[in-house]
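Model the placement of chain B on the given structure of chain A, informed by the hints.
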Amino acid sequence: MNYTNVRRVAIVSANRIPFARSNSAYAKQSNKAMLIATLRGLVEKNNLQGDLLGEVVGGAVMKHARDWNMVRECVLSSGLSPYTPAYDVQQACGTGLEAAILVANKIALGQIDAGIACGVDTTSDAPIAVNPRLQRALMDLNGAKTRGAKLSAGLRALNPGNLKPELPANKEPRTRLSMGQHAERTAQHWGITRQAQDALALASHQNLAKAYDAGFFADLVMPFKGLQRDNNLRPDSTLEKLGKLSPAFDRKGGTITAANASPLTDGASAVLLATEEWARARNLPVMAYFSYAETAAVDFLEESREGLLMAPAYAIPRMLQKANLKLQDFDFYEIHEAFAAVVLCTMAAWESERFCVDKLGLPGALGSIDRTRLNVVGSSIAAGHPFAATGGRVVGTLAKLLEQKGSGRGLISICAAGGQGVTAILER
Amino acid sequence: MSDSLLKWANDPRTAGVVKSLGLPAPVRLARSKGGYVAQPLTGQNFLLGGSAAGHASDVVRSLLQAAGANVLDSLPPVSAAESEDKGKGGAASPSTGDAFKLHGVVLDATGVRTPDDYRLLYDVFHPLMRRLAKNARVVVIGGLPESLADPVAAAAARGLEGFTRSLAKEIGKRGANANLLYLERGAEDRLDAPLRFFCGARCTFVDGQAARVTRLAAAPAEVPLEQVLKGKVALVTGAARGIGAATAERLAEDGAHVVCLDIPADRDGLYDTATRVGGTPFAADISDPATPGRLVDFLRQKFGGVDVVVHNAGITRDKTLANMKEHLWDLVIAINFRAITAVDQALLAGGVLRSGGRIVCLSSMGGVAGNFGQTNYAATKAALIGYVAAQAPLLAAQGGTINAVAPGFIETRMTAAMPLVPRELGRRMSSLSQGGQPRDVAELITFLASPGAYGLTGNTIRVCGQSLLGA
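Here the protein sequences line up with chains A and B, keeping their order. Sequential numbering of the first sequence, starting at -6, is according to our numbering. Sequential numbering of the second sequence, starting at -14, is according to our numbering.
Just chain A, same shape as in the assembly (with noise of 0.2 angstroms):
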């Protein structure tokens, strides 16, 4: 094992479709067929076609059982060496950001030398599984030996009752209460307020709408089915018109609605990360450096002890710690937008010396970040959150901004389902 050299790992480019809102634009796409989209795009551009990388890392949330092995069947289309090898991971919303941080690590150790991160995600295409009864019916049927074993399997199978398919959920498996319920309910004990949180989901819209305008993602987003944007990004949205939207998940009293949460979405991303050796040698530009990463989990089972999405609070001090870096170094900061609500209660804690003292052992609170470097090209509640792409879409974009700035530093914090949380630095 290579102890000694660890090596700067840079992030040379990303690409992404533009994200589409459930059962909009990619309504008849499949995992693979946005993926492969994204991963042609990226090998394109720079001209990586026939060649070999050291891996490709990637996954979906909502994936069919047939696509066991997605993304190194992705590979085989993509126009890389079919000598490439391929693995998928899931860790929820997490799993882009995973991925990076896999493909960063083995290039750091020598490893690899070059490698491409990406995650995709559809709710158009989701995996509806048959009824479980049914299931078990039919497994039994594979496995009887004698006739009245055949039989009785059978006469189960054909039961009509059993034909009620099971549709997959954005549900908490442990908790049986949905994510919304749960970010609402955070929201509560943080007492983040309506008003708060539509201003956010305001901003994350115009941010977004104006770094279209301005060409920020002509070379991070490739059209894909007469979509040149994220169409669920309403630049022309007001206050005033999402004020007037009921709460989604707490009729009376709630403060989340659909408009400052991320919607349903399907697209793919995809970055490639190689040392600065092999990036020269193909005249590849660095857009950014991928420094620190660190994940967390936490305990939400109740919500006393801790909110479903709050275990990026937990990753972050962790990492600045490590890097000795306090919250307020960063020039960038990219907070996953799952709901505004999440982003607000995250940086609400790191302001509580309670929280900070309490729960984290810090000797005071981190403090509050300048808002101003909030999500500066907006998040998710704008583009959309095709769950696994999330990752690649916001390495991508902060490595961008640290490029086009020349140098400085950012921080990305995602949220997961299962209470936990990943987070990462990048540097340039």
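Hints were generated in silico from the structure; no laboratory data involved. Hints are not guaranteed to be accurate.
[Claimed, not checked] Ranges between beta-carbon positions, derived for each pair: (1) A:K38 / B:G263: 54 to 60 angstroms; (2) B:P249 / A:D229: 28 to 34 angstroms; (3) A:N317 / B:G263: 45 to 51 angstroms; (4) B:K18 / A:A142: 24 to 30 angstroms; (5) B:R16 / A:K38: 38 to 44 angstroms; (6) B:G216 / A:A316: 49 to 55 angstroms.
Nothing here was measured: the structure is a model prediction, and the numbers come from that model. Think of the CB as a built atom: it goes at the ideal place given N, C-alpha and C, for glycine as much as any other residue.
This is chain B only, laid out in the frame that chain A set:
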């Protein structure tokens, strides 16, 4: 894309019906799978005819033998089995076990210089006309008319074309074909690959053609017989489907690494082809002015150069000239003509086309004959005929060659979409009474792309089953 008549005519249960209805009865054409083999003519009987004044016979004999053929100077007497067969009015049928089969005839007519010499044609072919096997091959080798000083000798050489084409029409109904090679004096040693092609199964849809074998292009250092494109890099434009995809596949079978190019809108087909042939995809609009430069950089960076360029990409935008919209005219010219010359210029200026390079342009039957509603298309396809002729001498010193192939009715998605009547007419109005396969075109392209084809440059060769149009 299925040709029902071809099926019925070759199914014993329905063949009689096809015959009694007086319908054309196309023969199932011989084709070869996989890449080139060292002895493609193994076990085949070839009659070699000629006169003492000819200068190709000796070379042809040894080349045919090296290719595995059993070379005969005269026909054996008609056997009982064969005469019984002849009584039925057909050629030697596969049912007669040990009957002699004549698989091909090569006539060295380079000594034919006077009207009197034409008697050779009658004397050689008349006795064997009823004895040619199904899918037999006839190759006539004549002098190069434009190199002969004596006008009568030039006329005698040129007349071989009329003879060969008419012969081809006579034997086409049994799937046999006939082609003419005009041979420049001193180019006899360049006949190896051309003979292997025109005497073999791979030229199954190339019929009634006249090709020139000359000393113009410098010879390659070595001429492999198998895996003839091993180590070569080939670019095929329009590779997503049809003839382009078949060509990419065929070139790869003989060892080439194929860079497949097609428009971004056809990425799925493009990547499918590239993945299937183990090649490299390159998505680009060939008519974009930036493409030639990008392509040259790509080929140089990835492979250091390119050995074979197949200009297959092309479009039709048919309208009578009276109804033709300006932009449709311009689009066809841009893609079918300007893009090809622009890519070649960039490749040559950039020194990316390696010495011994091979360029093949896809012309068309429409370019040869003209076609109603295709003034734009036919202009571009005829332009390529002139282009290869003019470009050939410029590439020759570096051992490069450039040729055009002009497909006739080929069974592709485009022809499958044609209305029934024009489609049936297109298929049947040829000596072979059927459409060709994309692979048949790919075979001709691969032959022209091979190192052994260095004797052929500046040619336009049709692959049309000797279509009646524009013959």
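These are the hints, each one checked on the structure:
{"no.": "1", "hint": "A:K38 / B:G263: 54 to 60 angstroms", "verdict": "violated (23 angstroms)"}
{"no.": "2", "hint": "B:P249 / A:D229: 28 to 34 angstroms", "verdict": "holds (32 angstroms)"}
{"no.": "3", "hint": "A:N317 / B:G263: 45 to 51 angstroms", "verdict": "holds (50 angstroms)"}
{"no.": "4", "hint": "B:K18 / A:A142: 24 to 30 angstroms", "verdict": "violated (49 angstroms)"}
{"no.": "5", "hint": "B:R16 / A:K38: 38 to 44 angstroms", "verdict": "holds (41 angstroms)"}
{"no.": "6", "hint": "B:G216 / A:A316: 49 to 55 angstroms", "verdict": "holds (51 angstroms)"}
Hints 1 and 4 from the list above are not met by this structure, while the remaining hints are.
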